[in-house]
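Protein chains in written order, with my numbering: chain A, 1 to 99; chain B, 1001 to 1345; chain C, 2001 to 2219; chain D, 3001 to 3657.
Relax, there's no trap hidden among the hints.
With a straight-line cut-off of 20 Å between C-alpha atoms, the simulated EDC-like cross-links for lysine to aspartate or glutamate are: (1) Lys3464/D - Asp3313/D; (2) Lys2215/C - Glu71/A; (3) Lys3174/D - Asp3372/D; (4) Lys2215/C - Asp1315/B.
If you want the ones that stay clear, here's a sample from chain D, every Cβ over 10 Å from chain A, calculated: (5) Leu3063; (6) Lys3174; (7) Ala3178; (8) Pro3223; (9) Ala3366; (10) Glu3370; (11) Ile3385; (12) Ala3388; (13) Pro3458; (14) Arg3459; (15) Val3474; (16) Glu3585; (17) Ala3603; (18) Asn3615; (19) Val3649.
Examples of chain C residues toward chain B, derived with CB under 8 Å: (20) Met2077; (21) Gln2100; (22) Phe2101; (23) Ile2108; (24) Gly2112; (25) Ala2113; (26) Met2123; (27) Ala2181.
Hints listed in this document are in silico derivations from the structure and should not be mistaken for laboratory results.
Glycine included, C-beta positions come from ideal geometry on N, C-alpha and C.
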Amino acid sequence: MRVEFFLLVAALLFTIGCVGVLVRRNAIVILMCIELMLNAVNLTFAAFAHESQSMTGHVFVFFVMTVAAAEAAVGLAIIIALFRRRRTTDIDDASLLRW
Amino acid sequence: MDPAVARVLVESTVKIALFFFVVLTVIAYMTWVERRVSAWIQDRRGPNRVGPFGLLQPLADGIKFLFKESIVPPHVYRPVYLLAPALIFIPSMVTLSVVPIGPAVSLFGWNIALQVADVDNGILVILAFASMGVYGIALAGWSSQNKYSLMGGLRSSAQLISYELAMGITVVGVLMTTGSLRLNDIVTHQIEHGWNVLYQLPGFLIFLTAAFAETNRLPFDLPEAETELVAGYHTEYSGMRFSMFYMAEYANMITGSALAATLYCGGYHVPGLHALGLSEPVAAAVQVLAFGAKVAFFLFVFVWVRWTLPRFRYDQLMNLGWKALLPIALLHLLWVSFLVLTGRG
Amino acid sequence: MVIRLLLGLIVVVFAFAVIRALAPARTVLAGAALAAGAVALVALNPAALATVEFWAGLVGFAAILSALMIVIHPNPMVSVLFLIVNLFCIALFYLILNAQFLAAIQIIVYAGAIMVLFLFVVMLLNLKAEEGLTARGGGLQRIGAVILGGLFAGLLFDAIRDRGAQPYFEPGSFASGFGTARELGGLLFTRYLFAFEAASLLLIAAMIGAVILAKRRLR
Amino acid sequence: MLQLLWLIPLLPLAGFAANGLLGARLLPRRIVALVGCGSVLAAFVLSAGAVRELAGGRFTQPLFEWLPMGQTPGGSDLTVSWGYALDPLSAVMILVVTGIGFLIHVYSIGYMEHEPRAGFARFFAYLNLFMAMMLTLVLGSSLPVVFVGWEGVGLCSYLLIGFWYDRMFDEKAKMSCADAGRKAFLTNRVGDVGFVLGMLILFGATGTLDIQGILEGAGSIDPWWCGAAALLLFLGACGKSAQIPLYVWLPDAMAGPTPVSALIHAATMVTAGVYVTCRMAPLYLHAPGAMLIVAVVGGLTALFAAIIGIAQDDIKKVLAYSTVSQLGYMMLAAGAGAFTASVFHLMTHAFFKALLFLGAGSVIHAMAGEQDIRRMGGLRRHLPITHATFLVAVLAIAGIPPFAGFFSKDEILAGVLEMGGESGSPVALALWGLGILTAAITAFYMTRLYLLVFAGAPRMPEEKRHHLHESPAVMTLPLVVLAVGSALAGFLGVPEFIGGLPNYLEHYLAPIFAVSGHAAALTEQTQGGAALSEGTALGIALFASLAGIASAWAVYRRGPLAAGPGAAGPRGLTRLVKGRFYVDEAIDAVVLAPYRGLCRVAAAFDERIVDRLVNSVGAAADLASQLGRLAQTGYVRNYALVFFLGTIVVLVFVVLR
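Isolated chain A (complex conformation) (with noise of 0.2 Å):
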């Protein structure tokens, strides 16, 4: 089978994850949307790799996996501070760069 199909299919995952970025306002499900963009940039990888027969892809994807737990486990970290204080994990609730 074709490369193509798991490169459409990272880029179907990779559109919904930026989308759900923009629409949703829960703080949690932006960071997991984000975890979704990764994943879908990690399959890109596996794929490419897996057609030019080296490893190198898989690296790329361990490393994104190490990025992916740090950035959540400090998103989170952020998400229970604020929460905190304002009771909301809403990110409109934290506008305080408006004017």
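Starting from the known structure of chain A, arrange chains B, C and D on it as the hints suggest.
Frame of chain A; chains B, C and D shown alone:
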């Protein structure tokens, strides 16, 4: 359909059927064992009415559960509520499916591995699905939409994550000595070099403790601590669903025992068996029985501990997990790597 | 070209519309549709069971469906569950792509650790369903997001399409070591050693950061 | 002693520093007074020693390079060095300044006793600063140095006129003391412009600012430039020495404490203009036209101020106008080329005018601040010493022999006659007439003043009369000394023809006023004799003075109530005179009103156009940011959306390329 595929299909189906039959039976009788042993420990009689020694008690219980009305409270989050009990079963089953219960034997001209799935990354599969165990409980607790359940779910998720770490690290020790992720290789390696428990006693103990925590049994049964949380995550469950939680607990016990036996106690290995020079099928049978014996022993230990030790307090639990087991496990890992470097083990 | 872009746009918008119509009320229905499709396909052509394409397609469909559910469903917990499903799908993809080790750690790290963390937080904060995605924050934002997403997808499709034909590949046709932990470990500890150490540092930093951030009050 | 010249201005400056910095808080009155007077006394002693050592020669003491300005293409050095020069002229000046200055310092101790300590210290600090500046002015060896002193004394006069900046000076004109100070300062600025311009012209013409150099080079200057420079310098002199039309500030300068009026606005500062004119004598000798103008202006000022003086009721105002008129006299002399006479009169005037002011101060002190002579009278019994000294001064200024004023005034008149030469040019004769007339009027109003203050029956209210008391010794002593001075100073310049005494001053100053050949020639020509014999002239002058006194006696013997013009509501000429010819009002209408209008226009322009422009810039920025901030919704999602859009744009370029 070419014969190869057909054979794979047939073999797998047979194995899976057998597997489920055995496991479910064992689970059923574990309930009886538990009650008898606890009775014995507490100097009581325990169930002895239904059949000889009450051996038919589990059957009766099963029937009773089946005919009980299963109530779904209106306030629960239905899909998840229904999903949770099933989720609890899957991980333990999957984990168990990669455990070799005996050496490969040739039957009817076929060479059959006594193991549902012989996976290259067996250890990884174990770790992966062991970590999945939390979902059932957590979701059950959450979907019940009830404070006690939620607390139970929270506790279990925190607890499982904490103890997985230690568990995983000790397992890493095992696979380092073996140099392979296949459980068969691990067993054979133990057959050749001696059981891991001899070299990695601390690791073994940590693994056992973590296994207790993973199964949410005393002294780690805080998610369902009846004195604090009514019944924790399965407060809202009743009838067959409740029994599924119950069975899942035993399934987990079996998995834990099987893993302990496989990883540290040489799996189906019987020291000095080849000296007897039995024919292959007989030897295989003996080894399977030996494996069963080891698992049975660990199951007994589970029960034994449950009725002996009191429950931890929550902070004690966390401290034990993070401040005691984890560091020890890391040190132990150092020790193991030292062993590997010096070629022993 | 433009047509392809529009096509991608329509695809995504349509998908969103459909799922919004069905979900969240009847999330089961989506799964049912999935199962039905699979069954129908098998009924038409049993041999498909043995082909990689069948399973890949099935998994892909499940993946996209679950991804959509993540975004659509107002209840964070459900989103978490569907994300787990999605991660499993991707793990399966890894298996199909001969990356067993990746598949394993995908489940261990993501499903086993990260998602449990999400689950834990959602339960800890005991979040209720988001009061309708249509709440304030502007429809413009949402519509714009969807349209842009469509464009984006269209562009990606276009780029993928323009890669030119690549040879088919057989999942089996591989050097035995490909994708195993041993190979990957070899790479990690030789060529990518520095990156590996850097990653470990990153993890420590993240850990400390998380502790500091989540601490109720620093001493 | 001569080498310590630089110390003379420095000592009072040190005193100023000490009193100014520490006086207000740390030093007790006693110390403040000690420092104030001591420094001046020391300066006086030094000056005396220096003058003795000088012995009529000339001594220059360059101290340091002040304004290094490189060289002209011609190669002459433009550097202005800070230095002092002592010659007979400046010798006379520093002796007068430090001597009288010291006396007035002493007097001030008593006069200012009621001041709070801070004010006391401030007063002495200012006085010392004034002394330092005045000495710098007098000793400066180059015009810029002189100018520094010039401005410095201006500053001090401003500070001291406004010393009681919180008090009202002229209720009718709504003029506070601070206003008076400002008026003086600004009026002086007008003159200073002239001074600076003249200085620059001379610099351009002679390539140096060193006075000696300028005077030596004076002969070679183009006559036009020479005249211009002379006139411009004279403009400056008008400012300082209160000549028409810039005299208006002096009467108002009486807002300051009386010692200040005595020291600055009678004895010393106001004579700076005369001094500079005399100092620049050779220059003027090269510009006869300018000299004529000087003479005319001086003469007119003398008469004009004297007339106004008749009608003043404020004791200090009377003295102020008499000062103006006397300054006019000096200018007249200078213009007539009788520089010696000018300086002579300057000196004598310093004595008796200081005496008059101090006497007036003593009176005011006794009257607890009352200054209106119509409410005085009969003080003869209460203030014997003051009365005696004051009488001496009156006789001196009225020109009664043998008091100082007689000689100096006579010499001036003689000088004017000499200018006219044998035939007696009509201008000279006219000027001489002016002088005589002024003499008579001066005698008149001084006598009037004396009679109204000391003679006749007391007109002040009862309770005041009990408070009347003679001033303390610290005030009367200087009076006595000055009285002696104004009685005898005249004998320094007894005209030859009377004989008896040689004309010390003339001989002493001769080397200065007989410099260049041209000047010598000019003096030769005038030396030829005059239209009238000196004796006759002297007689006429004396007669005029006596006439003035007699008429005044006739009018005011029985007090002002019987006074014809002074009594009933002023009419016609009297009114005009009482209104001081409305010069202030005239200046206000002619100069200030248009100026204010201009200011108003400028202000309007600033507000309407400039400010509005600036504000509109700010408003534009504000508006822009108001628009820009709309992009800042504060919702992360919006930012993310834009970010995503950007990504897509980039992607379009990458993919569709």
